[in-house]
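**Q** Protein chains in written order, with our numbering: chain A, 1 to 315; chain B, 1001 to 1293; chain C, 2001 to 2293; chain D, 3001 to 3305; chain E, 4001 to 4305.
Hints in this document: simulated from the structure, not taken from any laboratory.
It is possible that part of the hints are untrue.
Claimed, not checked - List of simulated lysine to any residue pairs, SDA-like, C-alpha gap at most 20 Å:
| hint | chain 1 | residue 1 | chain 2 | residue 2 |
| --- | --- | --- | --- | --- |
| 1 | E | K4294 | D | I3223 |
| 2 | A | K157 | A | R175 |
| 3 | A | K158 | B | I1066 |
| 4 | D | K3147 | C | W2203 |
| 5 | A | K204 | B | I1066 |
As the list claims (entries may be wrong) - Some chain B residues near chain E, calculated using beta-carbon distances under 7 Å:
| hint | residue |
| --- | --- |
| 6 | R1065 |
| 7 | P1068 |
| 8 | P1069 |
| 9 | I1186 |
| 10 | M1189 |
| 11 | G1198 |
| 12 | F1199 |
| 13 | P1208 |
| 14 | T1282 |
| 15 | R1286 |
Here the structure is a predicted model, which is why all the values come from computation and not from measurement.
Even for Gly, the Cβ is constructed at its ideal location relative to N, Cα and C.
Each chain, written out:
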Amino acid sequence: PVTIRIGAFPNITHPQAMVGKANGEFEKTMGPGVKIDWKTFNAGPAAIEALFAGAIDMTYIGPNPTITGYVRSNGEALRVIAGAASGGAALIVRNDAGIQKPGDFHGKKIASPQLGNTQDVALRSWLRANGLKSTDKGGDVQVIPLANPDQLTLFLKKQLDAAWAPEPWATRLIREGNGRLFLDERTLWPNQQFVCANLIVSTKFLKDHPDLVKNWLRAHVELTEWINGHLPAAKKILNQQIQKETGKALPDAVLDEAFGRVQVTYDPLRYSLLSAAKSAYDAGFLGRQMPDLSGLYDLSLLNLVLSEKGKKAIQ
Amino acid sequence: MSVANHSDLSTAVESRAIGVRTDHAAPTRLQNRRTTGRGILRRITNQVIFYSVLLGLWALLAKLRIWPPYLFPAPWAVASALWAGLQDHSFLIGIAVTMKRMLIGYSLSVVLGMILGLAVASNKFLEETLGALLVSLQSLPSICWVPLAILWFGLTEKAILFVLLMGCILSVTIAMEDGRKQMPKIYTMAGRNLGASGFRLFWYVMLPASLPYIVSGLKQGWAFGWRSLIQAEMIFLTIGLGQLLMMGRDLNDMSQVIAVMLMIIALGYLVNRLVFRTMERTLQSRWGLAPNA
Amino acid sequence: MSVANHSDLSTAVESRAIGVRTDHAAPTRLQNRRTTGRGILRRITNQVIFYSVLLGLWALLAKLRIWPPYLFPAPWAVASALWAGLQDHSFLIGIAVTMKRMLIGYSLSVVLGMILGLAVASNKFLEETLGALLVSLQSLPSICWVPLAILWFGLTEKAILFVLLMGCILSVTIAMEDGRKQMPKIYTMAGRNLGASGFRLFWYVMLPASLPYIVSGLKQGWAFGWRSLIQAEMIFLTIGLGQLLMMGRDLNDMSQVIAVMLMIIALGYLVNRLVFRTMERTLQSRWGLAPNA
Amino acid sequence: MIPNTKFVAAEPQFPTPCRKPVQSTSLCGKTVIVPIRQVECSTPKIQLQEVSLSYQTDTGSELLALDRIDLDVHPGEFLCIVGPSGCGKSTLLHLIAGLQKPTSGRIAMDGDSVTAPGTDRILIFQEHGLFPWLTVGQNVEFGMKMKGLSKAEREDRTRHYLRLVHLSQFKDSRPHQLSGGMRQRVALARALATEPDVLLMDEPFAALDAQTRDMLHDELEKIWAETGRTIIFVTHNVREAVRLGDRVVLMSFRPGQVKKEFVVDLPRPRHLEEVEVARTAREILDQLRDEINKSLEAEYAHERS
Amino acid sequence: MIPNTKFVAAEPQFPTPCRKPVQSTSLCGKTVIVPIRQVECSTPKIQLQEVSLSYQTDTGSELLALDRIDLDVHPGEFLCIVGPSGCGKSTLLHLIAGLQKPTSGRIAMDGDSVTAPGTDRILIFQEHGLFPWLTVGQNVEFGMKMKGLSKAEREDRTRHYLRLVHLSQFKDSRPHQLSGGMRQRVALARALATEPDVLLMDEPFAALDAQTRDMLHDELEKIWAETGRTIIFVTHNVREAVRLGDRVVLMSFRPGQVKKEFVVDLPRPRHLEEVEVARTAREILDQLRDEINKSLEAEYAHERS
Ligand SMILES: Nc1ncnc2c1ncn2[C@@H]1O[C@H](COP(=O)(O)OP(=O)(O)OP(=O)(O)O)[C@@H](O)[C@H]1O
Ligand SMILES: Nc1ncnc2c1ncn2[C@@H]1O[C@H](COP(=O)(O)OP(=O)(O)OP(=O)(O)O)[C@@H](O)[C@H]1O
Ligand SMILES: [Mg+2]
Ligand SMILES: [Mg+2]
């Protein structure tokens, strides 16, 4: 039998993977001839590394690792074949930091989870859009790349004023770190939609096993629809799976609030990724030349699946 | 009279023992004293006192709520995390998996490290080239080996073992080299004079002569390996203590982090007591080295 | 005749030197041989050959494209990354910042490690309690100290130093303990007999007597510390080699990762050659220990 | 050469004559050492009462090295100990030095129990025990430094005692650069330099050539006579014991016991090659022979078993 | 006791008489050792030609330890070397053993240059050099194991030689559990057990009591007589040298040179306390005294400078 090796994070932004893993949807769709080998990651670069090395065939992953992976391999290594989730990031400020409006960020410390990652890029472009400058660009706003758990600690120590954080950390910063929602990133985008996770496949696997990929996409789309149709049940399964993999479930309140800012979708929201890439390039993360991302998407299989189901194709 | 005097003497000496290490008794005699019921009792009492005080201090700090409890959890919170983890077997499985990896990887490292050490020791060319490189390689953090590991072994157990290996193999090799460099000249002279040369000189003379260093290196290698393994598990996110630690951290669950840390410490303590202490003791009593008390 | 014979002899001995280390000449004499022009020349030739072969192999593998170049970059790709990093000074600044931290943190560790070692050595109670704990603590990966560091020191240099300290202080302490345990009994006996006791016994006898171990421990401590520092820098993401490494990794830029690794190796090599080798040499020639060649 | 010598063989508990420091008087440029005898005696300098020591071997069995030793050493006495190899001579000195603790019995110095080493009793180890990390000069200085002597004083004495053992030229050498005999002499200088009340010497001249040893005998005797120090001197050379000692204690083969004591009543200075010294030595040797035979018997008994 | 003894003092290059192995014949239950003299001589067993060695000291200056030594040792000869402490005796043995390399000159064994240690020349180190990680028995076995002897043979010989040095009971002890003299005897047994062509002995009996030493003298002489081995024996005890040697080489004080050779032509077995042995020894001692005086002069010269 063939084996599909697929990566995912035990995280609410990878809902199809978590729910599908839990209820066996993928096994059902792929049939008995296919063995599914799940690999767990908790950071994009490691997943890309594994994809490069041929250790996995597909993975659910955020947009920025996708871009760097594509650019680093000169467009050789991977293709985006579907979206997974949208939204799920927010700018949180500490209640007693005295921040009411963008202008108040002068001289403040803002954290992002990782240099050059999705939130980091979004933060930097938002700052620029609001006429603020980070210290490394000669301004007075300090952008500090810092792991999410450490952001919470520093919120409590009052050494950090704000953070651009993904879910569920945004919610936790609000609930446990005396934080306040300053900006939901969705408000910055058309249709309140921007990609926060998509499904990528290694080019080689896509070429060798288009049928398998297509089957996978079928399950993926079905799961997406099921989740959107059965939100409470889906959330429960999602949380159980997270608990299974991480040893700890999210508190229900956190789950509800966090998931409220996430939308499950199979649309890769191409425009949002391209605009994020532009921002990343502007911030200096993608080298000297704006990379050509025209070959990044291969949505033909997704569209086949959608048309089978009588749904609108995605360009 | 002699009885009275004797007890006089022994208390006098006993009381001195609180000062700097006194080795006025032969090692065998000291071991004797150590294995007496009284000695063990005293040691256990000391340890109970010490750890109780530590625990009390921790409880006090937690009670005072200088730091919020999710950053500085109280002992009972950690205890309940520990209990929960043990209840649902996740900790036990983690320990089992991690220990299994450690045992395999460490044994491999020791064997390979010794072979490497032998190669470097027995070949002038290798020593001048590879030898110098090895020490420098040792300062690379384990994360550097992760891409190579994935490249060569994929996301398998082997990759984790590789990272672990790269973490501790060099400790063993370097300890062997140190032992060889610092060992008294008379041993190799006597060995060569009695007809040992080449491999046999290494095996029968240089290796045993540098045993004290090798034991020290094995100890350090164990620590290095353990750290590398935990880190590898954190990166690869496969079952194990490293994953539990990472999850605790990712979820900002300090009770779990500390519970896992306690387990790591306890395991380290156990291995040290059961394995390395025994090795040291044997060495000391056989070689007649300074007793450890 | 004596001249002819002499050269006969010396070549005979020279050719033997390719086999297992022969220490038939006194250390001082050997050092002499080593510092002769011919010896140095040969060593350099050896090293040039070795590293050229390594480089050639790497280039070959890269050329064959067994692995994709974005994962296994060619030497020239790494060279250009290195060049770029040096050009825009980011590497130089990284090295400077990291080395500064390392020097401060390492010196602190050595001093504190020795004090800790002394405390453990001089107090039976501490030895039985703290002593056992220390070895176990050593197996905790540095990441465990990060939450505590942030909690206590916030986002400051101090936090990084703390992580570094926790990484290598124990190596020094443990090496001191090992040295004390494995040192020949006669030294403490002679010292006590001549009136040394308490602190002075430690300082004037036990410490120098365990110097060979301490040097070994300092070496291992340096490696431990270096790893911890890099990891701390990766987590705190402040300027430094760790950050450069992390950025390379986050951006999946293997050329940069390898370039930074090469810099770390080169620094390790330099420090080892300049500092630790010298210490070992001095020790060997003073104590008349087995020469290293 | 010197006719009026006397030799007394004594049972272990024989009340040995007690000596005050001898006086040395200069006679025609040559120092003649004349012991002054006293009948009345203060407390012994060193007193061993029923001292036993047993080592535990790896196999768990016990090896009784010293068996109920009773011994009094008087202030200013020069006591020599001889006995077969492995009879416990070194162990005995370690006990007196306070480096080991007896399994039973009591050791007292000036009436006080010995529980730890002290600078009043300096031991010269059989295997020298020089510190390899110090130069020869620093080794000699070590004990004085521990005693807190001033730098000038230390340097003075170092110079003096290194010269005494003929090693001035090697002040800055390392111990490993010396020959076996030279190391022994450094150890001797190191011990003498601290100028202790009691000197415990464990075969200090074993590795020396006859000439050097003769000269050191003279020097040691002179120091002893001039300072009134108490010396316990272990040697395997019976003649040397007779040459130097006021009293020679013969120890028995395992377990080490005091087999016999001999008071050597020959006038000083004596000479190793003297007839009287030789005769006395032969007397002791005969007794020693019995002990060795016992050791042989033990050996053959073990063979047979 | 034995009247017909002869003593010849010889200049260094004096052609020493060459010996074949002596024969031992049993006479009324006592072994009498009779040397057989030969005038014709094959190649020397060991030949030193203009051998010099200098050590470099820390300060960079050189210390000339051996200065152009010329020495032939004949097959089956028992050669003793005496000399003042620090004159280079141990260094000389190390050179012959191949453990050190001369600064200049040539050392040959059976005509071949010596460049490395070999099992045909076994050295007993002055500081024993036992392996602390092996038991006494394993230490003795070590050389035989390296030679590839069978287990049974090894055990046999170990038993035999341990018994020879009276240490059968300590077969399973560790070296650190032995007394100084016992360690020396183990080292002796270890060297003898490999049964080498040439035995190099560096003060092997220095730490032994008179009786034990006497017995080991007898044993050594017997082994030598029975096997025809060549022995180079360093000692500081001139009498011992005369007791054992066919020839005694006196070395001069730094730099070590062959000052004089003495052929000892006394019938064997000799005894340490014999008058003739004593007389010969005194003769050598007188020469030694000159050397010591030189060392004293060097000492005082250094003092003054
Ligand atoms: N650490 C030890 N463990 C066990 N036995 C020991 C130890 N040290 C000494 N012995 C035993 O104690 C006995 C006496 O040893 P000691 O060194 O006192 O003898 P000695 O009289 O000094 O002999 P020598 O003249 O050979 O130096 C010996 O039989 C020896 O085997
Ligand atoms: N490793 C060394 N480095 C420098 N000098 C040395 C070294 N070893 C020995 N020497 C010097 O060489 C000389 C001869 O030493 P050696 O050990 O051969 O003397 P020896 O005749 O055996 O004396 P002893 O009778 O005291 O054992 C001594 O003066 C000594 O200081
Ligand atoms: Mg002794
Ligand atoms: Mg010598």
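**Q** Of all the hints given earlier, name the ones this structure violates by number, lowest first.
**A** 1, 5, 6, 7, 8, 11, 12 and 14
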